[in-house]
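All chains, please: the whole structure from these sequences, using the hints.
Number of protein chains: 2
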Amino acid sequence: MTTPAPPAIVLLSGGLDSYTSAAIARDMGFALYALTVRYGQTHEAEVNAARRVAASLGVADHVVIELDLRAIARSALTGASEVPKDREIDSGQIPSTYVPARNTIFLSLALAWAESIGAGDVFLGINALDYSGYPDCRPAFVRAFERLASLATKAGVEGNALRVHAPLLEMTKADIVRKGHALGLDYGLTLSCYDPVPGGLPCGHCDSCLLRARGFAEAGIPDPLLTEP
Amino acid sequence: MTTPAPPAIVLLSGGLDSYTSAAIARDMGFALYALTVRYGQTHEAEVNAARRVAASLGVADHVVIELDLRAIARSALTGASEVPKDREIDSGQIPSTYVPARNTIFLSLALAWAESIGAGDVFLGINALDYSGYPDCRPAFVRAFERLASLATKAGVEGNALRVHAPLLEMTKADIVRKGHALGLDYGLTLSCYDPVPGGLPCGHCDSCLLRARGFAEAGIPDPLLTEP
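Chains as they are written, first to last, in the working numbering: chain A, 1 to 229; chain B, 1 to 229.
One should not assume that every hint holds.
Identical copies look the same in the list; a pair holds intra-copy or inter-copy alike.
[As the list claims (entries may be wrong)] With a straight-line cut-off of 20 Å between C-alpha atoms, the simulated SDA-like cross-links for lysine to any residue are:
no., residue 1, residue 2
1, K154, E66
2, K85, G159
3, K179, A219
4, K154, L57
5, K154, I117
6, K85, P95
7, K154, A80
What the hints contain is simulated information worked out from the structure, not anything from laboratory work.
Okay, structure coming up:
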């Protein structure tokens, strides 16, 4: 008789990072409950990638939740301005693609689902070293959310703390690509681009495309999204 | 020349508490940006009450955001079970009307809007003394959210901390009714009921109706919702 796998909520955007983060959760023995938020991104391709990734990971459940942030969260990613192209990605400036409070919102939704199904673990694919200047991609943010969760919920009051795992937090994009490669992931399923061209192909010039290209180059692995026929 | 009123986000449910909390914000000189979340409540009457209240407060803007939590947040308020009636409201038990992570989700949405419009203040109508056993209605929760906000946002990184005001936190329901009475509020506009009967009238038996009735009785003020023709 085997013990059933404990449930974990995995935030899944359809990009390379959240795919790798979710695969690490699976590798650790969790049953995956994938949560994708359609928050008013200017394109649908990202949500389609999340569906492909969820299917390939064999998740126990995948919820795509509708939460149109355009009325309250000004960002290039919600259509308030153009997505910047060929920007200096190491400038340390917080870019216009920053979505106010996005990871706070996503984690609070994950917290609701975690408590509802009795999960004590949430995984998200943020990373701090090679990140693009977002404040809510830092270790202190993750710890502050865990503390909030312990006070916010019935589960927390009852002593069942939520663990927020950010397994990529200290990894470079090249480390992430190597890790995913070792786990046998097919990055051809993912889409990292902030501003895909018609047909859902990456633009090659936004921060996310530039970081991804650098990661694959440094890892010495070809990006299947660009090399597959 | 007058200084323009600083903006504040006010979470507005359509109930008595959030109306009073928002009126206190207005009384303090803030311009009100009201945020209502249609989260999968089993009835529409609550959102209609929020619209009436927002109009009567003369808000600068009112956003009703759609966020159907039914797929991820199990609660009597999202239809997972019957709303309990004539319960012992002082039992200290967390009731089935508890919505997992609701105030965390609402505050994170408020945080996004606050940062987008440059507001440094958020008001919510929670209260701890006369509350119904919800963990996310406690002072420590509010302070933990402020700490999270200071780490989560560009505004926080730049040293512009968010203040989360919960002016009703230490008040009884009777105190709240008296305060609203002093501010000239029309509680006939509000709806507190968790399970209104057809036509949008209060059921009179859910926790929220029982707390409201006790508050008006203790304040010695008739509830206009029950006495108006």
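Structure-based check of each hint:
1. K154 <-> E66: Neither way: K154 and E66 sit 25 Å apart in one copy and 25 Å across, limit 20 Å.
2. K85 <-> G159: For K85 and G159, neither the intra-copy (47 Å) nor the inter-copy (28 Å) Cα distance is at most 20 Å.
3. K179 <-> A219: Within. Shortest intra-copy distance 10 Å satisfies the 20 Å Cα cut-off; inter-copy 64 Å does not.
4. K154 <-> L57: Neither: 30 Å inside a chain and 34 Å across chains, both beyond 20 Å.
5. K154 <-> I117: within (13 Å within a copy, 33 Å between copies)
6. K85 <-> P95: This pair counts as within: shortest intra-copy Cα distance 11 Å, inter-copy 51 Å.
7. K154 <-> A80: between (37 Å within a copy, 17 Å between copies)
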